[in-house]
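Peer 1: Protein chains in written order, with numbering that gives the first Met the number 0: chain A, 0 to 293; chain B, 0 to 293; chain C, 0 to 376; chain D, 0 to 376.
Among the clues, some could well be false.
Using 25 Å as the maximum straight-line C-alpha spacing, the simulated DMTMM-like pairs for lysine to aspartate or glutamate come out as follows [claimed, not checked]: (1) C:Lys284 x C:Asp344; (2) B:Lys242 x C:Glu221; (3) B:Lys242 x C:Asp344; (4) B:Lys242 x B:Asp281; (5) B:Lys255 x C:Asp244; (6) B:Lys242 x C:Glu180; (7) C:Lys362 x B:Glu166; (8) B:Lys242 x C:Asp244; (9) B:Lys255 x C:Asp132; (10) B:Lys227 x C:Glu221; (11) C:Lys362 x B:Asp281; (12) A:Lys242 x D:Asp203.
Which chain B residues face chain D? A few, computed with CB under 8 Å, are given here [what the hints assert, rightly or not]: (13) Pro40; (14) Ser55; (15) Glu58; (16) Phe76; (17) Leu82; (18) Glu83; (19) Thr106; (20) Tyr110.
Read the hints as simulated data drawn from the structure, not as lab findings. The beta carbon of each residue, even a glycine, is placed where N, CA and C say it ideally should be.
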Amino acid sequence: MSVLVGPDSRIVVQGITGHQGTVHTRQMLLFGSRVVAGTTPGKGGQSVEGVPVFDSVQEAVDRTQANTSVIFVPAPFAKDALLEAVDAGVTLAVVVTEHIPFHDMLTMYHYARSRGARIIGPNCPGIAAPGKSKAGIIPNVVFRPGRIGVISRSGTLTYEIVNGIKEHGLGQSTCIGLGGDPVIGTTFVDALPLFEADPDTDLVVLVGEIGGTAEEDAAEVLRSHFTKPVVAYVAGRSAPPGKRMGHAGAIIARGKGTAASKLEALRAAGAEVADFPYEIPDLVARTLKERGRR
Amino acid sequence: MSVLVGPDSRIVVQGITGHQGTVHTRQMLLFGSRVVAGTTPGKGGQSVEGVPVFDSVQEAVDRTQANTSVIFVPAPFAKDALLEAVDAGVTLAVVVTEHIPFHDMLTMYHYARSRGARIIGPNCPGIAAPGKSKAGIIPNVVFRPGRIGVISRSGTLTYEIVNGIKEHGLGQSTCIGLGGDPVIGTTFVDALPLFEADPDTDLVVLVGEIGGTAEEDAAEVLRSHFTKPVVAYVAGRSAPPGKRMGHAGAIIARGKGTAASKLEALRAAGAEVADFPYEIPDLVARTLKERGRR
Amino acid sequence: MVKLAEWRGKEIFRQYGMPLPRGRVVRSAAEAASAVAAGSVPLPCVVKAQVLAGGRGKGGAVRFASTPAEAEAATGAILGLEFKGERVREVLLEEKLPIARELYLSVALDRSLRLPIVMASARGGVEIESVDDAQILRVPVHPFVGLTGYERRRIATTLGLVGPAVRSLDTVLTALWQIFEREDAELVEINPLAVVGDGLTALDAKVIIEDDASFRHPQYAEVRDDRTPLEEIAREKEIAFVQLDGNIGVIANGAGLTMATLDVLQQFGGRPGVFLDLGGTDDPKKVTEAFLLMAKARPAAVFLNIFGGVTRCDTVALGLVEAMKQVPPAERFPLVARIRGNNEDEGIAILRSAGVTSLHELKESVQAAVAAAGGRP
Amino acid sequence: MVKLAEWRGKEIFRQYGMPLPRGRVVRSAAEAASAVAAGSVPLPCVVKAQVLAGGRGKGGAVRFASTPAEAEAATGAILGLEFKGERVREVLLEEKLPIARELYLSVALDRSLRLPIVMASARGGVEIESVDDAQILRVPVHPFVGLTGYERRRIATTLGLVGPAVRSLDTVLTALWQIFEREDAELVEINPLAVVGDGLTALDAKVIIEDDASFRHPQYAEVRDDRTPLEEIAREKEIAFVQLDGNIGVIANGAGLTMATLDVLQQFGGRPGVFLDLGGTDDPKKVTEAFLLMAKARPAAVFLNIFGGVTRCDTVALGLVEAMKQVPPAERFPLVARIRGNNEDEGIAILRSAGVTSLHELKESVQAAVAAAGGRP
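All chains, please: the whole structure from these sequences, using the hints.
Peer 2: Written out as structure tokens, the structure reads:
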């Protein structure tokens with residue numbers, strides 16, 4: 000088993016004929032994902048990396064039974080692309096696009112939810128379960144099948160951490176990059192129960208960053224509804240208040256969202272806290288050993 | 000068991016201090032309903048028929064665990080009242096108010112649905128399960144506990160038919176008046192499965208009228224997902240096209256919504272069809288006998 | 000249901016930025032001549048009777064003019080005509096455009112889906128009912144997100160539009176949707192929507208506003224509609240009142256019961272002349288008012304069918320007896336009554352004291368009403 | 000994040016019908032005098048420096064004037080001042096109103112709820128952070144239905160408003176919500192919202208517009224913000240670039256990795272001077288551009304930390320080597336690099352050929368960067 004993606008994931012890539020869409024379609028195929036369709040309005044009938052291209056998601060779903068979408072379309076059109084995917088019956092949409100206005104994302108999130116669909120992202124690297132399926136852009140090379148779950152608000156930092164876990168001789172069950180925006184479709188709070196329920200995950204690495212209260216909210220879940228060990232890291236302890244640190248969501252506003260507050264909450268909820276990213280693999284191995292798994 | 004209302008229904012009456020609200024609170028209490036609260040903004044602290052009045056539905060829910068609302072507030076404010084009920088966590092809202100713009104009702108319906116709440120109405124007499132609970136305005140005297148379910152788009156005609164069933168010596172399990180508007184929260188299609196699942200219902204009387212395709216849609220359900228006998232009646236066979244016959248929804252528009260089309264669909268789906276309302280009780284009794292129930 | 004005449008619909012279209020032909024509505028031939036002379040209606044032009052009924056083209060209610068004199072003459076010829084029962088009081092003059100194709104576009108409510116639905120067809124200019132279903136695209140629109148880009152693309156494809164015409168369609172669709180939502184419309188229809196050059200133009204406008212939303216749109220209260228004068232009075236008094244072809248007035252309470260009563264009446268040879276739904280009332284004055292309105296329709300007989308639930312039978316009886324006193328002797332008519340339900344005995348007693356018998360069964364009472372109106376049974 | 004000065008915020012407020020004091024923004028003392036003389040600013044008036052920082056009242060950036068001469072003098076005294084690092088270029092003059100009470104009202108995003116949230120407090124006129132949580136009402140607003148009547152009633156009760164003031168609040172709330180939604184705002188704050196007579200008036204305006212929605216709102220592109228000049232250039236080039244207090248420039252790819260790098264740097268005694276997130280790029284030109292921008296910030300040393308995923312290490316290395324050629328000798332600085340991941344070996348080889356060593360571990364490379372900048376380790 001894995002979380003949200005797996006052998007049954009039938010992926011449609013929205014914006015497949017763009018540069019990013021094409022590159023990552025190839026990477027997903029190499030990972031072993033079943034990319035069954037792509038869409039670009041007006042380019043139906045073409046094919047990209049052997050994947051048929053359709054004019055609309057509805058057509059793609061009707062013809063290929065796609066159930067998962069990966070969205071690469073530019074920000075001004077991303078809301079529309081997501082609504083199209085949801086209306087066509089897709090149940091999981093990974094929105095890679097960055098710079099989507101959060102007002103658009105509010106509509107996307109609440110509409111998807113009302114239709115029973117889940118969004119990962121936006122501004123996210125997506126999700127991957129090594130040996131099973133990948134929907135998104137996390138580099139294939141960092142993975143190795145294993146029993147560590149990873150949930151992260153970051154992109155590249157996640158790759159580095161996942162790679163560190165691999166180089167330490169461990170592997171991952173599923174890795175989700177939630178995205179760096181203020182409004183995201185799947186939060187730590189949404190994702191943690193999925194890993195709790197996943198029999199293939201022994202431990203979860205939670206990678207947070209400054210801004211908002213997602214980590215504090217996650218700590219509440221850890222405290223009350225989570226039995227597996229958690230190793231946590233929060234980036235941005237050196238960030239000054241009021242400055243947006245790369246991610247639209249990474250800002251300490253009005254005294255809220257500091258790394259200190261997040262770390263304290265996670266530690267109080269029983270998570271093992273890493274001060275620096277390079278400490279994570281060791282800490283994971285040690286925690287697994289201490290908590291008697293593996 | 001009964002459908003949608005029962006001994007666990009804890010009713011809050013929105014607009015309880017108005018004339019209609021007060022009259023029907025009393026009638027509901029006499030029927031045996033648990034009317035636990037009422038609301039009228041600015042009148043919190045009063046009481047009506049012994050029922051405490053609150054300023055807001057949230058307060059009523061917090062203090063009395065109300066889970067079902069009956070809404071009597073005037074049309075321009077009905078949308079707001081419904082949103083308030085849904086936000087406060089009410090799961091069933093009976094909207095008695097008539098003349099609500101359908102554009103408002105579109106918002107009400109889709110919002111309620113996204114929050115997991117059900118609407119009956121608007122412009123409806125509500126729902127009653129004799130001996131158990133009533134949420135709405137159907138006269139108490141027409142009922143007698145029994146095993147006939149009634150689903151109707153009409154008000155008074157329903158009372159007459161329910162009364163006829165009683166006078167014939169039979170009784171009702173649950174009776175729902177769906178309401179006469181073009182957009183209603185619960186349709187025949189929505190209600191039929193509830194009666195199919197209700198072990199206390201042996202037969203369903205379906206009372207339709209001209210306008211729309213609700214009866215044709217119901218026929219589809221009867222054909223594929225319904226095992227209990229159905230007696231159907233459709234009002235308006237003498238109505239001319241293009242005229243709105245009292246109910247906002249009762250209009251034959253562009254050749255669609257005629258009684259003939261509805262009767263044909265229902266008959267083809269296996270329903271026993273009554274040509275006139277006074278034939279219904281006999282037909283119910285005969286059908287029960289022929290189909291070997293009771 | 001406020002049906003707007005074409006020119007009123009186009010006034011709304013203009014407010015929302017819908018592309019339209021240049022033109023003007025006039026109420027006299029002289030006004031037509033000066034509108035053309037002033038250049039507000041370019042020539043050649045189309046001269047259209049402003050009536051609500053369809054089929055104006057075939058019915059001679061649309062003409063063409065190439066000179067100011069022709070425009071004046073055509074306007075004069077159309078004004079005052081009676082077209083399918085409606086008197087022509089306004090005429091719309093509009094420039095005649097070089098039409099490449101005629102399309103159909105509308106938005107209305109889909110009751111089963113509980114969603115607005117945009118209908119689009121490349122077969123415009125004819126009644127949409129006559130177009131094959133396969134040639135009509137139906138696009139449900141969720142009110143929480145509006146008309147999305149991908150739905151717009153589907154519509155453009157169906158209409159066979161490319162290039163600049165797609166941008167023009169975008170303008171048209173935005174206006175169409177906004178009018179539907181913001182004006183509380185039941186129907187907004189453009190038929191035909193013309194392809195002119197590389198853009199689109201709305202040649203006709205059919206807009207129906209929802210009655211129940213009039214509290215938000217007082218501006219539509221003044222609009223003349225296709226109601227009869229009595230129906231108009233009833234609307235103001237908030238009584239559901241529909242005039243039909245027959246001679247028997249039916250008063251009942253509740254729309255379903257009233258319809259069912261009409262059905263039975265017709266079954267036994269009666270011809271319903273008025274549908275009057277009292278609704279749920281417990282005010283005898285409202286009953287009196289309704290009854291007096293019924294008298295104005297001069298029925299051959301009136302059949303009263305009440306099932307007392309929310310409404311009490313004695314209330315109705317009281318209101319009715321009071322009304323009977325107020326009807327002038329010359330306008331009186333036979334009355335057959337059937338009242339059942341809440342406070343039935345009291346109601347029957349009140350009626351009896353006024354010389355009216357209440358019958359018990361629907362069938363026998365309907366037969367009595369038909370006989371009273373001079374019908375056979 | 001486009002923070003608008005008070006007078007710009009009030010221009011938007013005015014468009015949406017928010018009740019405001021009469022007043023005018025001026026850019027010279029003479030202009031102030033003539034505005035008062037012309038009656039567009041009634042006396043007595045308030046004279047407010049238009050800076051983005053808070054605490055203007057206590058900081059002497061708000062003054063009062065009872066005569067035209069006082070208004071001119073106060074404007075002259077404030078203009079050109081430096082207030083918390085900002086030069087005062089505009090002054091807003093507004094009538095001084097008889098204030099009964101000062102309230103607080105705002106709308107912003109609640110990230111956890113994923114809903115906008117209206118905050119209201121009867122304790123206005125002070126920073127909301129200093130108000131006790133129990134005295135602040137938080138009302139989540141669902142974007143599909145907007146601010147409902149029942150939520151408005153709760154807000155009125157919290158603010159202690161009755162009678163005509165409730166209708167005034169309705170106007171204020173409608174404007175507040177519409178500005179938030181239609182202008183793609185991150186924050187709309189009125190503090191204080193004053194009770195004046197039996198109505199409300201927005202005395203201050205704080206509006207922050209979301210950067211990412213600028214494709215819908217080109218009008219905000221021109222607005223001066225609190226970015227540094229280099230941050231402004233970076234924004235135009237779409238590079239995430241933040242100037243900090245220290246002297247070491249950090250270039251990394253990905254916001255999280257960049258932040259983590261800064262954290263490690265600080266841990267080992269380094270002081271980050273620039274945060275530069277290359278993002279995911281595979282264009283060497285963009286890397287060159289970013290590197291030249293970094294050079295302009297005159298760092299004591301630069302630490303490059305790349306993990307190649309979408310971005311390839313050799314791409315970054317090529318862009319970097321090209322940039323180093325373009326930096327004038329006088330502006331050169333020591334460079335410490337750590338590149339890992341996708342095409343790592345090729346990247347390292349390219350750097351080596353340009354005389355740059357790539358270290359493997361984050362810790363050792365950070366220590367080398369701190370040393371290069373002249374720090375202790």
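Peer 1: Evaluate each hint against the coordinates.
Peer 2: Evaluated hints:
1. A threshold of 25 Å between alpha carbons decides the hint, and for Lys284 (chain C) with Asp344 (chain C) the separation of about 21 Å falls inside it, so the pair holds.
2. With a C-alpha separation of about 20 Å, the suggested pair Lys242 (chain B) and Glu221 (chain C) falls inside the 25 Å cut-off, and the hint holds.
3. For the hint pairing Lys242 (chain B) with Asp344 (chain C), the CA-to-CA distance comes to about 35 Å; that exceeds 25 Å, so the pair is violated.
4. Pair hint Lys242 (chain B) plus Asp281 (chain B) does not hold up; C-alpha atoms about 32 Å apart against a cutoff of 25 Å.
5. About 21 Å separates the Cα atoms of Lys255 (chain B) and Asp244 (chain C), which keeps this hinted pair within 25 Å; it holds.
6. For a cut-off of 25 Å, the pair hint linking Lys242 (chain B) to Glu180 (chain C) stands: about 24 Å separates their Cα positions.
7. In summary, the hint linking Lys362 (chain C) to Glu166 (chain B) is supported, as the alpha carbons are separated by about 17 Å, within the 25 Å threshold.
8. For the proposed pair Lys242 (chain B) and Asp244 (chain C), the alpha carbon gap of about 12 Å is at most 25 Å, so the pair holds.
9. For the given pair, Lys255 (chain B) sits about 14 Å from Asp132 (chain C) by alpha-carbon distance, which is consistent with the 25 Å threshold.
10. Pair hint Lys227 (chain B) plus Glu221 (chain C) does not hold up; C-alpha atoms about 51 Å apart against a cutoff of 25 Å.
11. Between the alpha carbons of Lys362 (chain C) and Asp281 (chain B) the distance comes to roughly 15 Å, so the proposed pair stays at or under 25 Å and holds.
12. Proximity of Lys242 (chain A) to Asp203 (chain D) is assessed by CA-CA distance (about 24 Å); at most 25 Å being required, the pair is judged to hold.
13. The interface hint given for Pro40 (chain B) holds, since its Cβ lies 6 Å from the closest Cβ of chain D, which is under the 8 Å cut-off.
14. For Ser55 (chain B), the shortest C-beta to C-beta distance to chain D is roughly 6 Å, which falls under 8 Å, so the interface hint holds.
15. A hinted interface residue such as Glu58 (chain B) counts as satisfied when its beta carbon comes closer than 8 Å to some beta carbon of chain D; here the least separation is about 10 Å, so the hint is violated.
16. Look at Phe76 (chain B): its Cβ gets to within about 7 Å of chain D, closer than 8 Å, so that hint holds up.
17. Taking 8 Å as the C-beta cut-off, the interface hint given for Leu82 (chain B) holds, the closest approach to chain D being about 5 Å.
18. Hint on Glu83 (chain B) holds. Least Cβ distance to chain D is approximately 4 Å, under the 8 Å limit.
19. Checking Thr106 (chain B) against chain D by beta carbon gives a least distance of about 6 Å; that is within 8 Å, so the hint holds.
20. Hint on Tyr110 (chain B) holds. Least Cβ distance to chain D is approximately 6 Å, under the 8 Å limit.
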